[in-house]
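Okay, here's what each chain looks like letter by letter:
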Amino acid sequence: MTYGLFSRAAFFSAAVLLTGFVSDLHAEDTNTLVKQGQYVAEASDCSACHTVSGRGNFAGGMEFKLPIGSIYSSNITPDATHGIGAYSEAEFSRAVREGVRRDGASLYPAMPFPSYARMSDADIHALYVYFMKGVQPVDQPAPSNRIAWPLSIRLPMTIWRAVFSPSIRAAQKDVMRSLPNDGIGRGAYLVEGPGHCGACHSPRGLAMQEKSLSNSSGSLFLSGGAPIDGFVPTSLRQDQRTGLAGWSEDDIVQFLATGRNRRGEAFGGMTDAIFHGTQHLTDADLHAMAQYLLSLQPHNPALSAWRYDPEAASALQAGDVSAPGAKVYVDHCAACHRSDGRGYAPAFPPLAGNPVLMSDDPASLVHVVQSGAVLPGMTRAPSAFAMPAYGNMLSSQQIADVVTFIRKAWGNNAPPVTAATVDELKKTAPETMRKQGIIPLN
Amino acid sequence: MCAKKVDAVVIGAGWAGSILAKELTEAGLSVVMLERGDERATAVEGDYPTSIDELRGAIRHRLFQNMSKSTVTIRNTLDQEALPYRRLAAFLPGEGVGGAGLHWSGVHFRVAPDDLALRTNVVARYGKSFIPEGMNLQDYGVTYEELEPFFDKAEKVFGTSGEPYTINGKVVGKGNRFAPDRSDAFPLPAMGDVYSASLFRTAAASVGYHPYALPAANASAQYTNPYGAQMGPCNFCGYCSGYDCYMYSKASPNVNILPALRQDSKFTLITKAHVLKVNLDADRKKATGVTYLDLRTQKQVELDADLVIISAFQFHNVHLMLLSGIGQPYDPKQNTGTVGRNFVYQTITTSRAWLSPKQYTNLFVGAGGAGVAIDDFNSMNFDHGPLGFVGGSPVWVNQAGVKPIAAAVGGPGGKAPTWGEGYKDAMVDTYRHSLTIDAHGSNMAYRDVYLDLDPTYTNAYGQPLLRMTFNWKENDIRMNQYVVGKIEPVIKAMGATRYSLGMLKDGEVFDTRRYQTTHLGGGAVMGTDPKTSCVNRYLQSWDISNVFVIGASAFPQGMGYNPTGMVAALAYWAAYHIRTTYLKNPGPMVQA
Chain F
1 MTYGLFSRAA FFSAAVLLTG FVSDLHAEDT NTLVKQGQYV AEASDCSACH TVSGRGNFAG
61 GMEFKLPIGS IYSSNITPDA THGIGAYSEA EFSRAVREGV RRDGASLYPA MPFPSYARMS
121 DADIHALYVY FMKGVQPVDQ PAPSNRIAWP LSIRLPMTIW RAVFSPSIRA AQKDVMRSLP
181 NDGIGRGAYL VEGPGHCGAC HSPRGLAMQE KSLSNSSGSL FLSGGAPIDG FVPTSLRQDQ
241 RTGLAGWSED DIVQFLATGR NRRGEAFGGM TDAIFHGTQH LTDADLHAMA QYLLSLQPHN
301 PALSAWRYDP EAASALQAGD VSAPGAKVYV DHCAACHRSD GRGYAPAFPP LAGNPVLMSD
361 DPASLVHVVQ SGAVLPGMTR APSAFAMPAY GNMLSSQQIA DVVTFIRKAW GNNAPPVTAA
421 TVDELKKTAP ETMRKQGIIP LN
Chain X
1 MCAKKVDAVV IGAGWAGSIL AKELTEAGLS VVMLERGDER ATAVEGDYPT SIDELRGAIR
61 HRLFQNMSKS TVTIRNTLDQ EALPYRRLAA FLPGEGVGGA GLHWSGVHFR VAPDDLALRT
121 NVVARYGKSF IPEGMNLQDY GVTYEELEPF FDKAEKVFGT SGEPYTINGK VVGKGNRFAP
181 DRSDAFPLPA MGDVYSASLF RTAAASVGYH PYALPAANAS AQYTNPYGAQ MGPCNFCGYC
241 SGYDCYMYSK ASPNVNILPA LRQDSKFTLI TKAHVLKVNL DADRKKATGV TYLDLRTQKQ
301 VELDADLVII SAFQFHNVHL MLLSGIGQPY DPKQNTGTVG RNFVYQTITT SRAWLSPKQY
361 TNLFVGAGGA GVAIDDFNSM NFDHGPLGFV GGSPVWVNQA GVKPIAAAVG GPGGKAPTWG
421 EGYKDAMVDT YRHSLTIDAH GSNMAYRDVY LDLDPTYTNA YGQPLLRMTF NWKENDIRMN
481 QYVVGKIEPV IKAMGATRYS LGMLKDGEVF DTRRYQTTHL GGGAVMGTDP KTSCVNRYLQ
541 SWDISNVFVI GASAFPQGMG YNPTGMVAAL AYWAAYHIRT TYLKNPGPMV QA
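Residue numbers (the working numbering), protein chains in the order written: chain F, 1 to 442; chain X, 1 to 592.
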């Protein structure tokens, strides 16, 4: 697949296509705009950070733990005192796309304004109308950030912004770059812009800046990110074994629409991104995102393709559990994931060839084993599934063994994991579903 | 008390309630479903491996009714004083979201069409005098052809595994040749035979019977139902009956309906809500809603509704009707009234065959709904003329997974010692090398077997308990003995080293201390005559037309088949007619 030869005929302006109502601006109807803005909010996944269960939609309060303290997402309801009710559209746009608060202070870049800088004026307008007219005001302040002075001074953030965040003009220019076709163009806008997929799935530099904000600047973009809440965001590029190589367009669409497909299931922060965000997008937009992702060249082309190896399954099926971790696997994992590692997708995900478990960093797999995982029900797939937490049942050695077994079996051939690594990862173990109080009801 | 108003209130969050709630929200109604128990989530109740802790589960009755709050009283005959059923044993009503539909096994039958008009069929074939004195034999008032689309729908919702015999009149498979014609295949292929079932299949065929795979609401493969709800495949772990399936492979309201229903903004589920009574208007012609006790606050709440669906467990339906004054209570002496009349159960006895030590049946494996059965002695499939009894039994090996404590409490059987080394050796032999064959049969209705309000005992909320007057009758004992006799040649054909036949004894009295089945029925039966039925053929109360009573309470007789498939089909049938007829013109759908 090469998209090096861009056809002029396919050149288009993303901004015009995206908004779809440019010609009708004068007859703008608030209800339509609210609906459009809600869609933009979903595409931008605002809820994932700004809605915390029990506080009201968009009332903020999600904690981000940083080495220097904790910051909390803000109340972005139209409440004039505690929310953004006093923002003009220009001020709103500045906050969303440039990271500048109404009072001039800089936002922490937990807010993905470097990506949102790519959003079109029309989408920002719809989003503004939605937040002002379509969202219930919540008369409640978000918790105050807990960062001690002098680190609480926001001046460094202003410098950060100047250095790492693109100007709207630069970002919009990149959006307008030539892409092979309308679908990929729309997909690029959604993924690089409102979807801000790179916030998790792209590597970050020393100053926590995303090293790449667009595929136009090379293959680092979406090549996999640092662990978030203990889970390692995979490469979304066409990398073999650790990326999306082998996923079809429909696989990606089904994953973004339901959190599950024949190749795997979402866990960790991705479930929020799907639950609040992508599941609400139209099929056309999901296909566009998939087409764009499929167009991304591998970051690491040296990786060879995963090939199923039947050896582990043959041993287990013959009753041979002599391999370290094999017995733990049979007792705790095989009922759902099967001795052949193929699972019963889309109910129980396959482990054979699953990119989540073949990465060098074993954190995701170790954390799922020790803390369990929950896939919530989605509109188009109402069933929730819960994987039990084994952290209280299995020793670090047992977890290391079973994880090593899973990473080696069925052609996965990923490096082993030691008990010391598991011990270390216990410190960052995500809370179990029961502790978090997010028990899916089915 | 502050009255709120909804379009429909549904009492009980089991299969019947969940089906009605789903259908009524689809019809655009606002629906509140009231459940006196707790929420039940597979993620918690089915958390592996704590979910398969037998002591905590089946032995300590984790998913069953809390008998310290409310129970029934039981007596065998009219002249006895009934006493409270304080320890769950003979039957196990559920509690909590999913109800008995969460802890059931998963055997998912349709109905034997002859059973729907049993009185008419018996009279036509053997004459009116064939019906024993005191037996209230009667028809359902609905035909199999009318119910077929709803059986089909229920199977697709449940993800039922099975093998058809005929579809649209054409023989298509090796399924039950006595089963009625189908409009479509089962959504999933039949569950595989465990070893004991395969032995039964071969042996039963060799003596001229017609074995078939039990239709099971245990998914033989991963499945997505018409509501988009997903199931995982069964792995024969044996933790079905009494448990919440950790594999999401046993159909339950929780797994198969509620995930979709909970997404509907018109639907509200309120747990810990114990319905005390259905409220009626001043002239007692219409229900105005319900009064329930909020078990969290101990406050009574009144909920107004245009439509009241009573869809709790069988005897709770009857209890609530009696407490609310819906219909006339049955009086066995005067033979008047209908509420509580035709209370029925099922006969079940278990025979055991021991095999050679080289043949491993491993009773701990299995699936609640799976197995191999014969219908040669069920319903009207054989000639009752020379036998002189009404009814019949399917016979099956339904190796549902015998858990260790249950196995030990049940003992090794036969003539084994009850303790010591001999007991242990025999226990191993039984657990690994034996199999059981059940005769799971009908139980007819009798004039002096019924339900009413207990004159003495009350529940924790001060309401009279429901009183069961129940005993085995000669007709059913003889039926059971006859069918069990037909098992013997199968056991011999299997090459059993020894065997014991379990059957009801002459004059046997109903014993509440031993588990039999939870398949209680009747008490609010459906029919065509308001003098002998509580609800019409659409399960609408004859007396209060905006009350529908859904469940096994509608069965006029206890049939040989397990009841859940019939309950689900009747629920969809009633819902269909509510949607297409009643809601357009509320009022009686059949003129009394």
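Honestly, the hints are just simulated from the structure, not real lab data.
Hints may be right or wrong, so weigh each one.
Computed cross-link-like contacts, DSBU-like style, restricted to lysine-lysine with a CA-CA straight-line distance of at most 35 Å [claimed, not checked]:
hint, chain 1, residue 1, chain 2, residue 2
1, X, Lys299, X, Lys358
2, F, Lys327, X, Lys358
3, X, Lys5, F, Lys327
4, F, Lys133, X, Lys486
5, X, Lys266, F, Lys435
6, X, Lys277, F, Lys35
7, X, Lys5, X, Lys299
8, X, Lys156, X, Lys5
9, X, Lys69, F, Lys435
10, X, Lys277, X, Lys492
11, F, Lys35, X, Lys486
It should be emphasised that the depicted structure is a prediction, and the values quoted were computed from it without experimental measurement.
The hints, checked one at a time:
no., hint, in the structure
1, Lys299/X - Lys358/X, "violated (62 Å)"
2, Lys327/F - Lys358/X, "holds (26 Å)"
3, Lys5/X - Lys327/F, "violated (57 Å)"
4, Lys133/F - Lys486/X, "violated (75 Å)"
5, Lys266/X - Lys435/F, "holds (30 Å)"
6, Lys277/X - Lys35/F, "violated (44 Å)"
7, Lys5/X - Lys299/X, "holds (18 Å)"
8, Lys156/X - Lys5/X, "holds (33 Å)"
9, Lys69/X - Lys435/F, "holds (30 Å)"
10, Lys277/X - Lys492/X, "violated (55 Å)"
11, Lys35/F - Lys486/X, "violated (69 Å)"
Comparing the model with each earlier hint shows violations of hints 1, 3, 4, 6, 10 and 11; every other hint is respected.
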